[in-house]
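Peer 1: Given these sequences and hints, build the entire structure.
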Amino acid sequence: MKARAAELSTRGTRKAVEAGLGRRHRKETLFHMFGLLATAVGIVFLGIFFFSLISKGASAFTQTFIELEIEFSEEVLAPGGEPDLQYADYDALVRDALWREFPAVTDRRERRELTRLVSAAAGYRLRDAIAENPDLLGARQRVSVPASADIDMLAKGNIDRNQAAAQRPLSDRQLHWIDSLAERGRLQTKFNAALFTNGDSREPELAGIQGALLGSFYMLIVTIALSFPLGVAAAIYLEEFAPKNRWADLIEVNINNLAAVPSIVFGLLGLAVFINWIGIPRSAPLVGGLVLALLTLPVIIIASRAAIKSVPPSIREAALGVGASRMQVVFHHVLPLALPGMLTGAIIGMSRALGETAPLLMIGMVAFIVDPPSGFTDPATALPVQIFLWADSPERAFAERTSAAIIVLLAFLLVMNLAAIIMRKRFARQW
Amino acid sequence: MQPTTLALVLIALSVMGFYLGRNRALAAAGGPRRNLRLHSLPDYYGYYVAIWCLLPALGLVSLWISIEPRVIEALVVSGLPDAQRALSPGQLDLLLNNVRNVAAGAAAAGDSDTALKHAAASFQEYSRASRQLLAVASLGLATIGGVVTLRHISADFRARNRVEDAFLALLIIASSVAVITTVGIVLSVLFEAIRFFREIPLTEFLFGLNWSPQTAIRADQVGSSGSFGAVPLFTGTLLITTIAMFVSVPVGLMTAIYLAEYSTRRVRSVAKPLLEILAGIPTVVYGFFAALTMAPAIRRAGEAIGLEVASESALAAGVVMGIMIIPLVSSLSDDAINAVPRAMRDGALGLGSTRSETMIRVILPAALPGIIGGILLAVSRAIGETMIVVMAAGLAANLTANPFEAVTTVTVQIVTLLVGDQEFDSAKTLAAFALGLVLFVATLGLNVVGLQVVRKYREQYE
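From first to last, the protein sequence lines stand for chains A and B. Using the numbering used here, you'd call the opening residue of the first sequence number 1 and step up by one each time. Using the numbering used here, you'd call the opening residue of the second sequence number 432 and step up by one each time.
Careful, some of the hints might be misleading.
[To be verified] Under the rule of at most 30 Å between Cα atoms (straight-line distance), these lysine-lysine pairs were calculated in the DSSO-like manner:
| no. | chain 1 | residue 1 | chain 2 | residue 2 |
| --- | --- | --- | --- | --- |
| 1 | A | Lys-27 | B | Lys-703 |
| 2 | A | Lys-244 | B | Lys-887 |
| 3 | A | Lys-244 | A | Lys-190 |
| 4 | A | Lys-425 | B | Lys-703 |
| 5 | B | Lys-703 | B | Lys-887 |
Rather than coming from a laboratory, the hints here were simulated on the basis of the structure.
Peer 2: So this is what it looks like as structure tokens:
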């Protein structure tokens, strides 16, 4: 009897289980799909992100130029008989050349609109050209000068010519002129070297990232010079020498917390201590480097400690066994073996420092600075801050340049991280 | 002498000290062949001399350089005519700036301004004298250090132990830099915040509902009374953080589950690094994306279904911030899930549960503390995030819970209060430090609790 009852109940259980199986499997599939979807969200976002970035920014690496037939007339360049090539009125040459291109335009307002086709920096081009080749004086030659930002945007298809005239930055007449220049083959698209050789500017077609790159460079030098030795020394002490007491515990907790303190708070520290208290000038790469060094210190300490931990104890014991002191064990044996791991950590710390923006805003590195810095105490900006500044500018052309600057920044980060990965692979040891 | 040349000379001196010390030790032992009579390896005698040559002198130089500007300023001020010495501190600062510029040749003093010229001349004089004094003092200190230690050296001298003690001291100093940084943060923020609370009562700051930090610069100015009720900032921060968590927690958690339980090895080896790229993108880039791509997209989508969406809506900033935090949540959840013992998972599967049932009923409850600790860390990250909200959230302090409206956050206000030139002593700039204090305390609390929970939880299964 008992066996039969048991058999019946198992059969009942079995039935109940089988009845629920379809529902449970459907749930299982659903859960699986949710997981897939979640993973896809991140990756799809990454795709959209890079697509929008590159589609917006790639065009900033080229620039539209207008080729003009310039007459380097002595009347303008040497009004008193003696040529003053540094401060001559080159803009007049550009104007004359444009007016010669369109002799039908005589009205003053229209002529002013016409000159707005080329960049305000066109004159500098001519100055450079004549400085290179002084024989040009009195001659006539075709020179390509940068077009204004609006023309550049039009050529890249970022301005809709079918919009109502009042809403677009270019008038009907300007469109007509530019089309006729294009028909004559005077419009050229060249690599935008200015982006890499110029400092910041209010004119988008002149604005470049050289100053920002240099500022970031000086800052990172200060950062690595401070945070790497300090971080490695701290890691050595904590791993190899620190007694297991409350002080060591405090340092440990403290480092972990410091790694999670918002970066803007480090900026407040830099403002209060380095600028107001010690009196280092504002906007200097030195202050930025100091703040970023404190910011990356925990990252480097944590990575260095992991690297030291991965050196097997047998090596320490062997060295101690042949009579090395503890300091000799560390500096002769452990440190050389842990160094690749520490350097990997340092590179990752540096790539974080390179992308950091918020603390730099606090210490005044957001100023509009045209001249690239030539030292650690010159006012400067950094690449991410330049991105922030340009992102705020309403001109369409600046949005394009912001994307280009972001591409450059990401390229640097990519190179740094690749270097870290290669180093890790290359020096990774299995003990 | 310039500080850099001075440092180079000092380094050269200590290199010389190294060789002198080494040779002296070998001589004391009776020649290079008999160096086994020495207590330590010959190089340690050299290091010993070099350390005593270099470190005290370098210490003096850095101390001198950090104090020098103040001393010179005080000397210059004391030499000024009485009328100018009676100026207010702010005006005096301005004057000193002029003096410095004239002394550096960056600006020319007007011919009539003899006092300025005189001050600039004395400024130059003092700087030159100070640099000369510094050079003499530090080189003297280095020489004394070198000579005294050289005379110490004998065959029995325990040089290695001395050198190692010095190294250990350096290591200890390096490891306390992290602690000093924390103390520095606390002190600098606290100090300025206390000055702020002397002007604005703490209760008004913490419970006031109105935030408009424009203070009157002139006494007769109208309309800029300045009110510092920070509640709208707190709610704004909370709103954006909540939105970010609504995005990042489900997505991050499900990603971790999928990659740990369902995906093949190949998918995982591709998807994981891709997601880690998200964590490596600088926040200013996210900010740009939020402001120029996400916000207009959300606005258009809202308009399409008839919703009024502000162009700097909390939603855009929150969603992008959430995406930024996905890798953090997913990697911390991954750690927590992987820490659950294999036996629990196998037991549940062996009883016939499906993988999702194992996950939901067994593994997740077991991993919950670790996951919650991770979420706390993510919240702290979201609260302290600056660039995304500076670029994509608004400036107006609206007290609202509507994600389609513009709100402002604590970090945004810190940035707007401190960017640009202004007097450092006004309540407006000090308010930034008060907000910084709140931010620091809040994130510190979340971090301490979060890290503690994560660590306790990990130990539980070990």
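Peer 1: Against this structure, judge whether each hint is valid.
Peer 2: Hint check results:
no., hint, in the structure
1, Lys-27/A to Lys-703/B, "holds (26 Å)"
2, Lys-244/A to Lys-887/B, "holds (19 Å)"
3, Lys-244/A to Lys-190/A, "violated (64 Å)"
4, Lys-425/A to Lys-703/B, "holds (17 Å)"
5, Lys-703/B to Lys-887/B, "holds (26 Å)"
Consistency with the previously given hints fails for number 3 only.
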